[in-house]
Amino acid sequence: MPTAIAVTGRELVLPPPDGQTPSAVVLRPPDAQSLDDALAEVGTLLDQQGYLVVLYPAATPAAVIRRLHTVRSVLESDRMALLPLELPPLAVAVLARQLRQLSISDFSPGVLACAARLLSHYIHAGALLGSVAKLDRVPVSLTSHVKSWVPGAHFGVLAHPTPHLVKVGGATELPAPGYATAMTIARGQLSSHGYGGGGAGHDDWVTGSLAPAWGVRGVEEVPLPAESARWWGTPKLIEFAAAIPDLSVLYQLVASVRREECHWCGFELIGDRCAFCSCPVARGDEIPALLTSQRPALTSR
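Going by full-length UniProt numbering, the first residue of the sequence shown is number 1, and it counts up by one from there.
FYI, nobody ran anything at the bench for these hints, they're computed from the structure.
Misleading hints may appear alongside valid ones.
[Stated by the list, open to error] List of simulated lysine to aspartate or glutamate pairs, EDC-like, C-alpha gap at most 20 Å: (1) Lys-236 with Glu-11; (2) Lys-134 with Asp-78; (3) Lys-167 with Glu-221; (4) Lys-236 with Asp-246; (5) Lys-167 with Asp-136; (6) Lys-236 with Asp-272.
As the structure is a computational prediction, the values presented were derived from the model and not from experiment.
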């Protein structure tokens with residue numbers, strides 16, 4: 001059976017792109033499930049599936065992260081990988097769906113779990129924001145902070161892979177991916193008044209300006225993740241994530257990276273660290289470069 005992929009919120013489970021992609025398991029927070037029930041649920045899941053890969057934003061509330069580590073520790077399971085990601089919530093959901101697609105392939109659990117770090121480099125994640133006054137996860141200049149208090153000012157922010165911020169309606173644009181992507185968007189409480197760019201609405205900037213400029217193959221709208229407003233510092237936003245939609249391309253990206261064996265737990269891995277035990281690859285002077293330097297090149301659209 002395929003390795004199970006888990007997330008920490010129901011909004012992080014995106015619709016499957018086909019009839020074969022399995023769903024993700026939603027691990028409930030401490031205030032919604034007792035520890036005994038959580039242990040029973042994860043224990044049963046491991047018995048049925050064999051391995052569990054849990055994805056969650058690194059900014060997830062501390063109580064939820066403690067619960068995940070407690071469950072893994074009490075079960076004494078080396079078959080449960082916990083992967084915090086420096087990505088906005090919607091991007092985590094997109095990445096989880098990619099791993100769900102790959103989970104039915106012939107990749108071992110160790111390679112599949114490590115693939116999360118590799119594939120995250122190919123996700124362009126950002127948001128259209130009504131204010132950057134409380135945005136602390138992306139570098140923001142003093143000038144942008146001042147402009148955020150001007151009525152009608154809105155900002156396009158790219159948080160990943162390289163932070164970038166532009167004022168909507170200006171001459172500067174967010175840098176586009178150099179490969180084919182599809183875009184997923186989630187709307188918050190941002191109103192649809194004109195932004196000063198030809199009378200179009202704020203929501204039109206993402207779907208009518210950014211998506212065409214990036215040459216995306218399609219746009220999908222999903223519910224806004226519960227943690228998005230806290231992550232971006234405002235509920236007035238439209239979050240977006242552009243990622244590779246082609247399963248064959250995702251497979252080739254992962255398959256092209258050299259595989260190692262974890263000297264501690266024996267899992268097969270790619271990159272510089274085991275996703276299950278966090279042990280780094282140890283090969284003396286031949287320690288491979290970080291996963292970012294192993295990133296295979298993609299051809300332009």
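The hints, checked one at a time:
no.: 1; hint: Lys-236 with Glu-11; verdict: 18 Å, holds
no.: 2; hint: Lys-134 with Asp-78; verdict: 39 Å, violated
no.: 3; hint: Lys-167 with Glu-221; verdict: 23 Å, violated
no.: 4; hint: Lys-236 with Asp-246; verdict: 31 Å, violated
no.: 5; hint: Lys-167 with Asp-136; verdict: 17 Å, holds
no.: 6; hint: Lys-236 with Asp-272; verdict: 38 Å, violated
Hint compliance for this structure: hints 2, 3, 4 and 6 are not met, and every other hint is.
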